[in-house]
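As you go down the protein sequences, you meet chains A and B in turn. Per this note's numbering, residue 833 is the first one in the first sequence, and the count goes up by one each step. Per this note's numbering, residue 833 is the first one in the second sequence, and the count goes up by one each step.
FYI, nobody ran anything at the bench for these hints, they're computed from the structure. Keep in mind it's a predicted model, so treat the numbers as computed, not measured. Mixed in with the good hints there might be a few duds.
[Said to hold, decoys possible] Covered by chain B, according to a simulated footprint, are these stretches of chain A (three or more residues, beta-carbon under 8 Å): (1) 853-864; (2) 872-881; (3) 908-916; (4) 934-948.
Backbone N, C-alpha and C define an ideal beta-carbon position, used for all residues, glycine too.
Listed here are the chains, written in short residue letters.
2 protein chains.
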Amino acid sequence: MKLVALAGGVGGAKLAHGFQLALDNAADLTVIGNTADDFDLYGLRICPDLDTVLYTLSGLANPATGWGIEGDTFATLEMVGRYAGKPWFQLGDRDFATHIVRTEGLRRGDSLTAVTASLARALGIVPAIVPMSNDPVATMVNTPAGRLDFQEYFVGRRHADEVLGVHFEGIDTAEPSQAALKALHTADVIVFCPSNPIVSIGPILAVPGMREALKLSPATTVAVSPIVGGQALKGPAAQMLAGLGHEVSAYGVAAIYAGIIDGLIIDRVDASLAPRIEALGLQVHVTETVMRSNDDRAELARTSLAFAQRLDADG
Amino acid sequence: MKLVALAGGVGGAKLAHGFQLALDNAADLTVIGNTADDFDLYGLRICPDLDTVLYTLSGLANPATGWGIEGDTFATLEMVGRYAGKPWFQLGDRDFATHIVRTEGLRRGDSLTAVTASLARALGIVPAIVPMSNDPVATMVNTPAGRLDFQEYFVGRRHADEVLGVHFEGIDTAEPSQAALKALHTADVIVFCPSNPIVSIGPILAVPGMREALKLSPATTVAVSPIVGGQALKGPAAQMLAGLGHEVSAYGVAAIYAGIIDGLIIDRVDASLAPRIEALGLQVHVTETVMRSNDDRAELARTSLAFAQRLDADG
Chain A
833 MKLVALAGGV GGAKLAHGFQ LALDNAADLT VIGNTADDFD LYGLRICPDL DTVLYTLSGL
893 ANPATGWGIE GDTFATLEMV GRYAGKPWFQ LGDRDFATHI VRTEGLRRGD SLTAVTASLA
953 RALGIVPAIV PMSNDPVATM VNTPAGRLDF QEYFVGRRHA DEVLGVHFEG IDTAEPSQAA
1013 LKALHTADVI VFCPSNPIVS IGPILAVPGM REALKLSPAT TVAVSPIVGG QALKGPAAQM
1073 LAGLGHEVSA YGVAAIYAGI IDGLIIDRVD ASLAPRIEAL GLQVHVTETV MRSNDDRAEL
1133 ARTSLAFAQR LDADG
Chain B
833 MKLVALAGGV GGAKLAHGFQ LALDNAADLT VIGNTADDFD LYGLRICPDL DTVLYTLSGL
893 ANPATGWGIE GDTFATLEMV GRYAGKPWFQ LGDRDFATHI VRTEGLRRGD SLTAVTASLA
953 RALGIVPAIV PMSNDPVATM VNTPAGRLDF QEYFVGRRHA DEVLGVHFEG IDTAEPSQAA
1013 LKALHTADVI VFCPSNPIVS IGPILAVPGM REALKLSPAT TVAVSPIVGG QALKGPAAQM
1073 LAGLGHEVSA YGVAAIYAGI IDGLIIDRVD ASLAPRIEAL GLQVHVTETV MRSNDDRAEL
1133 ARTSLAFAQR LDADG
């Protein structure tokens, strides 16, 4: 059973970790990560979503913050701040190591796919973690304060600005990574993790050729709604959906994914939305979707797989 | 009274610090640093001698090791090692910050002079610290084990190999930094700090145009012998002098510098060498040259200045 998970940051990484825990053979899992949040800081290439997946699947993640490495220290950043001014983006000492080694690899001419695989291997991660593309893509957010780089909007200004529009710079000429295409081509099940549909799953789907690869894949495709009770568990998904004219609900998520996925998993608190989502032509499964523990992650992973397999049997 | 100090690593940085302490106006001091030890590691540009001067003049230096920053931690390097294999070169977390910010500046197109000045300013250093050249120069050491990069010879193999030859890759096309030339041109006193004459002061003198600038400078030029009692206080100077056929003594140092300097300061234990050194046409001053404290540094600085001024008055 080959499984592909599309993931952004914290929520996506948690469910990906659930699959790693739930699968008999974790090597059957490929995580396709969003890279449109990637940016350069202090001359280093930072891939926040890939890193969150790397740290979560390797057990290094800081469960309190959702980003970075548990117990990390901040001596390097403190000294960088002495040279370059007060930091606006937190980077721990161990986290810096990831960016240093990645940047060295990229400058040497290795692809982001190869560099990410090498980092994952060093951390003992069995599933494949592949970027959506080896080409740089940058999410830009239009706000009343002007057009902002994603990290400036998200971290620098704490996603407090109204979102008027989102676009992905470089997406038109980006190519999907071969590793992502190959994983989709041979997948039995594809899961869109509970990540932001606009700026996490959105860029992955926007890479030219990715939607076609999803359509051509023999896999059953299901998503887990990141919106629970009309709110995002983490991050700016709710404001973004609202700002872009989507309903801020599991239904709104379903409407965005309709035509691409076969079924949607929604939380119990959203059970009443099921008929409207089914009217979009999607199957619905209602369950607990909030992951508070590793057991929750594995349970939601098993539920997602069982749902997809049931749809496959029905279809 | 404008002073220029030529310095390599630990010994040179100590005396440069002495001048900073001894001068009425520390801004009258320019330290010209050796950059032939510079190398790339993990994609970062590392300038060991400039860094030792930066850390020493800012009071950050680790007095126990002679390199790096006092109290530095090693979380970044430990994690880098997890990705890239066991490190052979120690880099502390705060030290990493220096290399990250420097590398960012160089990649942006700033000169090493500009980047170094910016680092020094951020650390509150008043004297000017200028690289001998903005162009990359790399010391290579010929040994029975083959030709080694300097850091591989010095750190990686703990300078245990016999030295058969030394050369400075890139020196023929390197240009002296304008800041170094200007400082030499306007100097009243030039001091060769007690640094390795082969691989610390040697490369500075070997930059095309540097010897001419020294010759044309109106300054009185004195050196402090780094060889005391036939031994180097630190590092491989003794083995190198021996390997290259020089006498391992203050006389050997004098013979290398003869024709460039006006006088040499030697340690009391080497007083008996004075007549032979004077026979080379050099003035000699005998004093305590081992710097164990900040007071020792300032005292040797004052002694060096007084010696140079006496030579100037005599000349």
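Status of each hint after checking the structure:
1. Here the stretch 853-864 of chain A counts 0 residues with a CB under 8 Å from a CB of chain B, which misses the bar of 3, and the coverage is violated.
2. Under the rule that three or more residues need a Cβ within less than 8 Å of chain B, the assignment of the stretch 872-881 of chain A holds, with 3 such residues.
3. Note: the stretch 908-916 of chain A has 8 residues with beta-carbon separation from chain B under 8 Å; the three-residue rule is met and the coverage holds.
4. With 4 residues having a Cβ less than 8 Å from any Cβ of chain B, the stretch 934-948 of chain A passes the three-residue criterion, so the hint holds.
The earlier numbered hint that this structure contradicts is number 1, and it is the only one.
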